[in-house]
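Build the full structure now, drawing on both the sequences and the hints.
Each protein sequence line maps, in turn, to chains A and B.
Going by our numbering, the residue at position 36 of the first sequence is 36; the numbering climbs one at a time, nothing skipped.
Going by our numbering, the residue at position 18 of the second sequence is 18; the numbering climbs one at a time, nothing skipped.
The reader is advised that the hints may include incorrect statements.
When the alpha-carbon atoms are kept at most 25 Å apart in a straight line, the in silico DMTMM-like pairs for lysine to aspartate or glutamate are as follows [as the list claims (entries may be wrong)]:
hint	chain 1	residue 1	chain 2	residue 2
1	B	K64	A	D46
2	B	K64	A	E75
3	B	K64	A	D74
4	A	K193	A	D204
5	B	K220	A	D204
6	B	K203	A	D115
7	B	K220	A	E94
8	A	K39	A	E218
9	A	K142	A	D204
Some residues of chain A that are not near chain B, with every Cβ distance over 12 Å (derived) [said to hold, decoys possible]:
hint	residue
10	S68
11	P71
12	L182
13	E185
14	G203
15	K206
16	S210
Hints are computed from structural coordinates only; laboratory data are not their basis.
Just so it is clear, CB atoms sit at the ideal spot from N, CA and C, and this is done for glycine as well.
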Amino acid sequence: MMQWLKDLLNPQPLVSPAPAPAPANPPSARWKQGDTLAKQLALVIDLNVCVGCHACVTSCKEWNTSGSAGPLADERAYAADPMGTFFNRVQTYEAGVFPTMDTVHFPKSCLHCEDPPCVPVCPTGASYKRAEDGIVLVDYDKCIGCKYCAWACPYGARELDEERQVMTKCTLCVDRVHDEKLAPEDRKPACVKACPTNARLFGDVKDPTSEVSIAIRERGGYALMPEWETQPANQYLPRRSMQSGSSGEQA
Amino acid sequence: MNPAMSVVVFTAIAGAAQGLVVALAVATLIGVPMQGGFVAHALLLAATMATVGLLSSFGHLGRKERAWRAVLMWRTSWLSRECLVLPAFIGWTLLWWALLPAEGAAPLWLPLGALLLAALLWLCTAMIYACLRFIQEWAQPLTLVNFILIGQGAGLVLASALAAGADEQALLARTGPAALGVLLAALAARWASLAHNAALRPKSTLHSATGIRTPQLVQKSMGMSAGAFNTREFFHGRTAAFLKNLRWLFLLCGFVLPALCAAGALAGGPGWLWALAVALQVPGLLAERWFFFAQARHPQNLYYQVVS
Numbered sequence: 001m002m003q004w005l006k007d008l009l010n011p012q013p014l015v016s017p018a019p020a021p022a023p024a025n026p027p028s029a030r031w032k033q034g035d036t037l038a039k040q041l042a043l044v045i046d047l048n049v050c051v052g053c054h055a056c057v058t059s060c061k062e063w064n065t066s067g068s069a070g071p072l073a074d075e076r077a078y079a080a081d082p083m084g085t086f087f088n089r090v091q092t093y094e095a096g097v098f099p100t101m102d103t104v105h106f107p108k109s110c111l112h113c114e115d116p117p118c119v120p121v122c123p124t125g126a127s128y129k130r131a132e133d134g135i136v137l138v139d140y141d142k143c144i145g146c147k148y149c150a151w152a153c154p155y156g157a158r159e160l161d162e163e164r165q166v167m168t169k170c171t172l173c174v175d176r177v178h179d180e181k182l183a184p185e186d187r188k189p190a191c192v193k194a195c196p197t198n199a200r201l202f203g204d205v206k207d208p209t210s211e212v213s214i215a216i217r218e219r220g221g222y223a224l225m226p227e228w229e230t231q232p233a234n235q236y237l238p239r240r241s242m243q244s245g246s247s248g249e250q251a
Numbered sequence: 001m002n003p004a005m006s007v008v009v010f011t012a013i014a015g016a017a018q019g020l021v022v023a024l025a026v027a028t029l030i031g032v033p034m035q036g037g038f039v040a041h042a043l044l045l046a047a048t049m050a051t052v053g054l055l056s057s058f059g060h061l062g063r064k065e066r067a068w069r070a071v072l073m074w075r076t077s078w079l080s081r082e083c084l085v086l087p088a089f090i091g092w093t094l095l096w097w098a099l100l101p102a103e104g105a106a107p108l109w110l111p112l113g114a115l116l117l118a119a120l121l122w123l124c125t126a127m128i129y130a131c132l133r134f135i136q137e138w139a140q141p142l143t144l145v146n147f148i149l150i151g152q153g154a155g156l157v158l159a160s161a162l163a164a165g166a167d168e169q170a171l172l173a174r175t176g177p178a179a180l181g182v183l184l185a186a187l188a189a190r191w192a193s194l195a196h197n198a199a200l201r202p203k204s205t206l207h208s209a210t211g212i213r214t215p216q217l218v219q220k221s222m223g224m225s226a227g228a229f230n231t232r233e234f235f236h237g238r239t240a241a242f243l244k245n246l247r248w249l250f251l252l253c254g255f256v257l258p259a260l261c262a263a264g265a266l267a268g269g270p271g272w273l274w275a276l277a278v279a280l281q282v283p284g285l286l287a288e289r290w291f292f293f294a295q296a297r298h299p300q301n302l303y304y305q306v307v308s
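As structure tokens, this is what we get:
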């Protein structure tokens, strides 16, 4: 049945009434520079099958604007020069020359680096990386909106919310993935649930038997901008057509 | 980067205040005879300038009421360290001012502490930028050298103008030649950083940013049709011609013309040449700092090239 019909027949609040955000975060549960974590949740993006439909963008926006952390502001949403806060974008690139060219749709969100340069520069401690699962988060109640963490992210993964004037970023749906009120198959980021082509895999990249680890290992998963040694947890699976084709070397 | 005027004003004016305090501290330490009233006024001016800088820096914050939190992470963040050292520098300058005796010089620990705090503040301010390894225009030792030399040059020019105005000839005899020397050194260092940046090869490319290895690779869409924080914060939106003109403006007004004024005054010219040098440095150094931010090419810009 269509989800909207299900919702209509069986109304449930959009957010669970007893807010189940992240499990309690004692200060000791923060990653410190040099720590190696036992668990690292991450996304693996399959560039073979992403069709650029932006369903992950809208589902991300929908989930994260509806949560207890407050809406992701849209300014002048219906005017000539709209502005909005998003945690996830789908970009499009053209690779190669006609006739052997590829249109590559390229989703981009926070990569939850294993050595995140945005975290140690934060002057207030609002930016942190959780020790238990490696998710990089911003404590919106502590952020002063100085934007220094955004300067310190080479990927442009952070966006300042113009209304709340705090830095925001992908939370890897931390309020979904650990929520035991959800069915196990729903404990995934909203973008992963929304993807119609299964281009977004989610799991623990430190667990060698996980779906994401196997995909990275067997399908040549790679990290973005490896030159800065941020060790992004999110990885991308290269297009097979471009690997085997004469135009492309091993990606 | 898109320069924020709050940070441009803050770093420029606080740097000049530090330079002025260092000039007064060194003059006190080597025993240059100065009127107590002159030192008091100069210290008060420096503290005021640094406070204006501090207030200006608040303009960069989204949540000003939480600014106090910025001192918490001094173990890892240069920004946090700066937020501790700047008020300490202002406080110490005011302490020195308050403890100035009616006759003779203040106890030596006051100028010594001021020297230390000014140096620490330069280190913190410069390292905020120099520690961002992927902003290659900033991640170089010349960033620190330039913050120190430009601030010290401005401070010495200001000290000379104040000394000329108050007829403190003993001080002017020291700060005048020092101002000319530091201005020329700052010009050389800033020129060197411009040359360094002109020769930079960006480590990140569209290929490394996307991992797509085909030789021909172009962005067709950045993912949204309107602006976003990523396009506001990291693009200044000015033309190359504007930047080129601005570079000439700051080299002339920030360094060359003030140095000529200094040379003219040292060669027996009128004292108001020092005031003219200060007046020239105001737009010159603001333009220099604006350019410093604008010239930094953030790797995230690779992802935001085409709206489509």
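TODO: Decide if the proposed pair is consistent with the structure: K220/B and E94/A, CA atoms, cutoff 25 Å inclusive.
DONE: The given pair, whose Cα atoms are some 7 Å apart, holds under the 25 Å limit.
Task: 12 Å cut-off, C-beta based - G203/A kept clear of every residue in chain B - done: 20 Å, holds
Task: S210/A and chain B, when compared Cβ to Cβ, separated by more than 12 Å - done: Holds: least Cβ distance 21 Å, greater than 12 Å.
- [ ] Take a quick look at whether K203/B and D115/A sit within 25 Å of each other, Cα to Cα.
- [x] Holds, at roughly 19 Å.
Open item on the list: According to the definition I'm using, a residue is off the interface if its beta carbon is farther than 12 Å from all beta carbons of the partner; does P71/A meet that for chain B?
Closed with: 16 Å, holds
Task: 25 Å Cα cutoff - pair K64/B, E75/A - done: 21 Å, holds
Task: Straight-line alpha-carbon gap K39/A to E218/A, limit 25 Å - done: At roughly 20 Å apart (the allowed maximum being 25 Å), E218/A and K39/A satisfy the hint.
Task: Verdict on K206/A as a residue remote from chain B, using beta-carbon distances over 12 Å - done: 21 Å, holds
- [ ] Test the statement that S68/A is away from the interface with chain B: the closest C-beta pair must be farther apart than 12 Å.
- [x] 19 Å, holds
Open item on the list: Check whether the Cα positions of K193/A and D204/A lie no farther apart than 25 Å.
Closed with: With Cα atoms ~17 Å apart, K193/A and D204/A stay inside 25 Å; holds.
- [ ] Would you assess whether E185/A, listed as outside the interface, keeps its beta-carbon beyond 12 Å of every beta-carbon in chain B?
- [x] 28 Å, holds
- [ ] Mind checking the alpha carbons of K64/B and D46/A for me, to see if they're no more than 25 Å apart?
- [x] Not OK: K64/B and D46/A at ~42 Å, beyond 25 Å, violated.
Going through the hint list in order, the structure does not satisfy hints 1, 5 and 9.
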